[in-house]
Every structure is written in C-alpha cells, then in structure tokens.
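Put together the whole structure using the sequences plus the hints.
So the sequence lines, in the order shown, correspond to chains A and B. Heads up: the first sequence begins at 1 in UniProt numbering, then just goes up one per residue. Heads up: the second sequence begins at 1 in UniProt numbering, then just goes up one per residue.
Keep in mind that the hints were calculated from the coordinates and are not lab data. Don't take each hint at face value.
[Claimed, not checked] Partner residues aside, some chain B positions facing chain A, computed with beta carbon under 10 angstroms: (1) T61; (2) N63; (3) K69.
[Said to hold, decoys possible] With a straight-line Cα cutoff of 27 angstroms, these simulated BS3-like cross-link-like pairs (lysine-lysine) come out: (4) A:K225 x B:K69; (5) B:K140 x B:K87; (6) B:K84 x A:K22; (7) B:K140 x A:K22; (8) B:K327 x B:K6; (9) A:K14 x B:K140; (10) A:K22 x B:K87; (11) B:K157 x B:K87; (12) B:K6 x A:K63; (13) B:K84 x A:K14; (14) A:K63 x B:K140; (15) A:K63 x B:K84; (16) B:K84 x B:K69; (17) A:K14 x B:K76; (18) B:K327 x A:K87; (19) B:K87 x A:K14.
[Claimed, not checked] Calculated Cβ distances over 12 angstroms to all of chain B for the following chain A residues: (20) M6; (21) E34; (22) E98; (23) P134; (24) L170; (25) Q195; (26) H202; (27) Q208; (28) V214; (29) T229.
For clarity, every value in this text was computed on a predicted model and none was experimentally measured. All C-beta atoms in this analysis are idealised placements derived from N, C-alpha and C, irrespective of residue type, glycine included.
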Amino acid sequence: MLADDMACNHRNPKPATVFSHKNMELNVYGDDVEVDYRGYEVTVENFLRVLTGRLPPSTPRSKRLLSDDRSNILIYLTGHGGNGFLKFQDSEEISNVELADAFEQMWQKRRYNELLFIIDTCQGASMYERFYSPNIMALASSQVGEDSLSHQPDLAIGVHLMDRYTFYLLEFLEDIHPASKANMNDLFKVCPRSQCVSTPGHRTDLFQRDPGSVLITDFFGSVRKVEITTEAVNLTDPIKQVEER
Amino acid sequence: VDATWKELTNVLSGIFCASLNFIDSTNTVQPSASFKPLGIANGTDHRFLRYATLPREIVCTENLTPWKKLLPCGSKAGLAVLLKSEKLFHSSFHSQAVHIRPVCQDQQCKTMSLELRQTLNVVFDLHTSGQGKREWSLFKMFSRTLTEACPLAASSKIYIDITDNPQEEQFELSPATPLLSQAVVLGDRRTFSVYDLTQQVTFGTVRSLNVLIRWKSTEGDMLRPLLHAERYVAGYGLQTGEIHTLMYNNHPFRSFPVLLLDSVPWYLRLYIHTLTVTSKGKDNKPSYIHYEPSKDRVRPHLLEMLVQLPPHSVTEITVQFERALLKWTEYTPDPNHGFYVGSSVISALVPSTVAMNTNITEEQPLFSTFFPCKEESSYFVRVYTEPLLVNLPTPDFSMPYNVICLTCTVVAVGYGSLYNLLTRSFQIEEPNPGLAKRIANIIRKMRGVPPL
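Here it is in structure tokens:
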C-alpha cells in the first residue's frame, strides 16, 4: 500500500527509482515491484478490510490477503505517528486499539499462524502495547515519548531518503539470504541507540516460540513447498493449434 | 452491462496494479459516435459502449511489471529484455496499452478468437538529456543490447524509418541490414529497414545486436501534424470558469470534419447555452451535437460534436462552467491540489498530403491518381488533449476541531461563572493568626481552654 507516488513523481529527477542512500547504490523500488493499493485507495478502512478479509466480492485476488492458519504474515508500517496512532494520508489515523482488534479478528478466523509486526514511526512502541492475540511479535523504532528520526538528506532531490531504523534494517536484511540461519534476536539488535538516536523496542510475550529459535526467513522471503507425486494427471481437451498462414 | 463493467474494472485494477476500481458511474460515459468496437462485432449499438478516464492515475513500474508478465517470454528473452523501468520512465513520453478485440481465427471466419495486442510508446530525448553527440543506439536508450529472439515468438523484428535517408545523407545506420519493408503510416508511404531477430545472422559475430544511428547533418524536417489540439481553463476565482479547446488544422487547402468527445465531471456545471465554436473569427456551427447533461454524483457531462475544420485555421470551442461545492466527506485527502478533468478525445479522418501530391503523376500510371488508393487518401487519427486541473472551493478542514474547542471553552467559562454566581454563598473568614498565636492556641487546646 503506497499512499503517495514517489518513484514516478514529476519532481523525482531519476524517475522510477527510490534510493536508500544518496550514493544511489540500491534502488529499493526495483524492477518488478507490484503495488496493490495506491493513491487514494490507501485508507484505514481498506487496510483493516484487507487484514480481516471483509472485502467486497468484486475485489481481485491480488488485492486480498489470501492467508490461512498456516501463513506467516509480515506487516510493516511507516509514516508519521504518535502515542497510539499512525497517520494515513494526512486525513485519518489508525489507532492501536483498532489494530489490536483487527489482529484478534484474524486470530479468531484463523487467518495467520505467526505475525511479525514492524513499525517505524514516532513513538512506535505505543502501537503494539495493546495487542492481545497470541503469536504476534512486534518491533518498533522508538519508545513512547521518543521521536524516530530520518537518515541523511539528498540535496539533489531535497528530501530525506529514508528513516534511520528502516535504513539500518535494510542494511541488515540485505545480508540475509534464503538459507540464512539468523534468528529474531539478531533482528532485535538492529539499530542500537548510537545509530538510531531513538531506542528500538520489541515485544515477544505473545509469541509462543522462543524468539531465538525463530528464523528471520520465516517471515522475510517465501519458500514454496514442493510435493513430488508420481501420479499422472490428465489435462482436458488439447488446445487447438492456430493454422499456419 | 454496468455490472460487468464494474467487474471488469475491478479485475483490471488487480492485474495492472492501478486504481482502476475508481471507475464508476461518475466517470463513465456512453459515447454515441466517437468510438466503435474494433474487430468483428455484432452491430455497433452505442448503448453497450463504455468510456471512462482516470486523469489522476500515474503510470509507474508497478504497471509495467504485470504488462511484461503478460508477454509469453516475459522480460527474459526477445525484445522485452530492453524494457527496464529505470530507462523507460526517464523519457519525455510514456504510454502503455492493452487492446483486446475479437478476430477471425482463419480465412473462412467460422470461429472467433480474441486478439491481445500490447503496445508501449516511449519518446526518448537523448539530445536534451545531456548526451552531446547526436547518436542513438539501443544501448544508450535501454542500457542493454539484444541477444536472442523469444523462442515462442512467430516474428520478432525491429523497424527503423529510413524514408528521409535514401542515400545515407542524414544519418548512418549500423549494422547494415538488407531487409526493407514499406508501409503506409499516417497517410504517408514510409520505408523501413528491418532487423529480423529470428535469424541468427542479424546478431553477427558478436552475438548481440545494438542498432546505432549516427546523425551527420543537423538539419532535419520537423514533422508537423495535420491535426493537433490543446485545452485550458480560463477565468478567475473559485466560482466560474471557462474551458477553451483549440483545434489546429494545418492542412494547406483541405477541410475535414472532426468528432470531439468531452466528458466533464459533474462538479463542474457546464452551461451549454454559452457553448461557442469559432473558426477564423466566424461562428462555425457543428453539424451534429450529442449532449447528455450530468446528474449530481451519478453521471458526468457528455458532449460530442462534429465540427468541420476549415483549412489552415484554428477552431476554438468555449463553454462556461460553475464550480460546485462538494460535501465534506467527498473531498480527497489532498483537495487543495485540485480536481482533474479528463482529456477530450478528437477523432478524425485526416486527408493526407500525399493524395494531393502532384509529383506522383509522373512516376505512376494516370489511373491510379484518378482513383487514389484508399489507404493513402486519408487516415484515421485520434488525438487526446491534456487533462485539466481545476480548483474547487475547498472548506477549511480544521474548522470542526476549532469550533468544538471554542464552543466548549465558551460554555465552560460562561456556565461555570454563572453557576458559581448563582449557587455560591460568601462568608467572611478570619485572617491567619501569626505563628506565636498559633502555638499558643495549640497549647490552649491541649489544656482545654478556648482559643484566643
């Protein structure tokens, strides 16, 4: 869900790119990105509907969260926020109570197995204070009463390119590959106070497994499970070949 | 039809990562004459046609990604290898399209199949993007070269227009290719050099193809289109305004009719009685007008006109409008940016200048110019004007908060004071005695004697 268009904005001197640092090494927008909700579609209502699955019947599959009780879900939120809320689109807010209730609905409907919640806003820890559903692990970039700060500005574009917590988190995750054995305790150590200026926090009391045994790749990166079968499958009518002219 | 239209827009919004689900009855019109279904179709009843625009949408990498995924080889082989978003969007113009139409599967036309055509138009301006020398190459434009054709493709070709360069005096094209092809494009017979990627010889010994054009001379004829148009909003203030549409006919001596389709959202209330069409200062009455008035929050305005454009002239169409005040929940999160009005569509059969070119009579037999070849006499073109950005009167969204704060303060202070005045009774109180007297009072209390 991207509320604003940064990459192809007319003011971007390098269109279709969003760099993490002004040395322009890493284009985080990439070449095969897919944005499901963009612009005015990013509203609190749509976000909660996606989480709980209460979408109108004509919603296409790519806009639905097709998860079941064996799915691990990663939720990453960033923006402006405060004690107990996150701002959407300059006109509305989502509160920590709403979010906690949405997660409880998801738990009741068995829509997730484990959930990792990362938030990078000012006073981000307030957003996970109210969670009460099992199997949720949460990370935040700052404690209540602290502000999250952004990383360096790029004077060519005129804005700060990335927030500190996200920048160091990205740096850490760039080293993780699909076979990595790094666990959650490493993730909690990302961006200490010396780098982030704010104190990142985390919450693991709702999580049933020990965080040290949870692999980061459980949430980041998807590995398809392949089942090999020896049965033969009959396809239906063969497709008619178009006559060669 | 409306239900399936809604479903179609929702499905397409999911496939192409664009907010096409915002298409609803407030921006959909049923054009009567400007659009006709392509391919083989039963009848052309305009009640089944729908046309909608979303002027606010942007095109970015997330739209190109699913577009590339529809190609049989994706972006792994063939020409699509060149389509990297970083280079494609760093251009002056970018347009992607997907066309689907029913076609005959074979010559007898017994069965129908659907043809999917994907087009991508990009205008690169290497000269102003600081490249210095006037040199175009695939590598400069896309930062990669071609190495193979898509194995699933029946044909994979590159066409370079060399009509203005028969003896290589304007530019030099390398690598050389023997294949040539001619086609009629926009009423003009153009010659193309063809690079066939399905043949291994195209890639030469280096196994890669980088088409390079090096310009020798600095002159070149700038092609002026015979028909182009522009549109702007005139007026001042936040109540009324005027939409001006200008259509230019650059043909030296032929006039031709154009069909103008305008779809204006309901919050700009058009006053059709102020519609004027003038060419060369004189009134130019359109021969066909189809107007569907808008209905607040239900339908937009639809205006279709058939206007005859006199040769070498500018036709100006003006219509006044009034801006409506929306309900406060209908405003977008950024209402001070403005509201967009979709582009006008101008469809025309433009006569080509080739048909009247008398030079041809010397080379071709007389009868072919007496009955000019259909494809060269006029061509169909559809021109889109730019979208408009109109400011609607915007309320101050902080006012509810301000009002609540103010009234609560006034009520609290006013009522509080009034209540105190009415219910509080005043008593006279002894001033606090000094320290010595207080200690003496304590001792007296202990002794059981009344205080001082």
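For each hint, the structure was consulted:
no.	hint	result
1	T61	holds (5 angstroms)
2	N63	holds (9 angstroms)
3	K69	holds (9 angstroms)
4	A:K225 x B:K69	holds (23 angstroms)
5	B:K140 x B:K87	holds (9 angstroms)
6	B:K84 x A:K22	holds (21 angstroms)
7	B:K140 x A:K22	holds (24 angstroms)
8	B:K327 x B:K6	holds (24 angstroms)
9	A:K14 x B:K140	holds (16 angstroms)
10	A:K22 x B:K87	holds (19 angstroms)
11	B:K157 x B:K87	holds (21 angstroms)
12	B:K6 x A:K63	holds (16 angstroms)
13	B:K84 x A:K14	holds (14 angstroms)
14	A:K63 x B:K140	violated (37 angstroms)
15	A:K63 x B:K84	holds (25 angstroms)
16	B:K84 x B:K69	holds (13 angstroms)
17	A:K14 x B:K76	holds (24 angstroms)
18	B:K327 x A:K87	holds (23 angstroms)
19	B:K87 x A:K14	holds (9 angstroms)
20	M6	violated (9 angstroms)
21	E34	violated (5 angstroms)
22	E98	holds (18 angstroms)
23	P134	holds (32 angstroms)
24	L170	holds (18 angstroms)
25	Q195	holds (30 angstroms)
26	H202	holds (31 angstroms)
27	Q208	holds (35 angstroms)
28	V214	holds (31 angstroms)
29	T229	holds (27 angstroms)
Hints 14, 20 and 21 from the list above are not met by this structure, while the remaining hints are.
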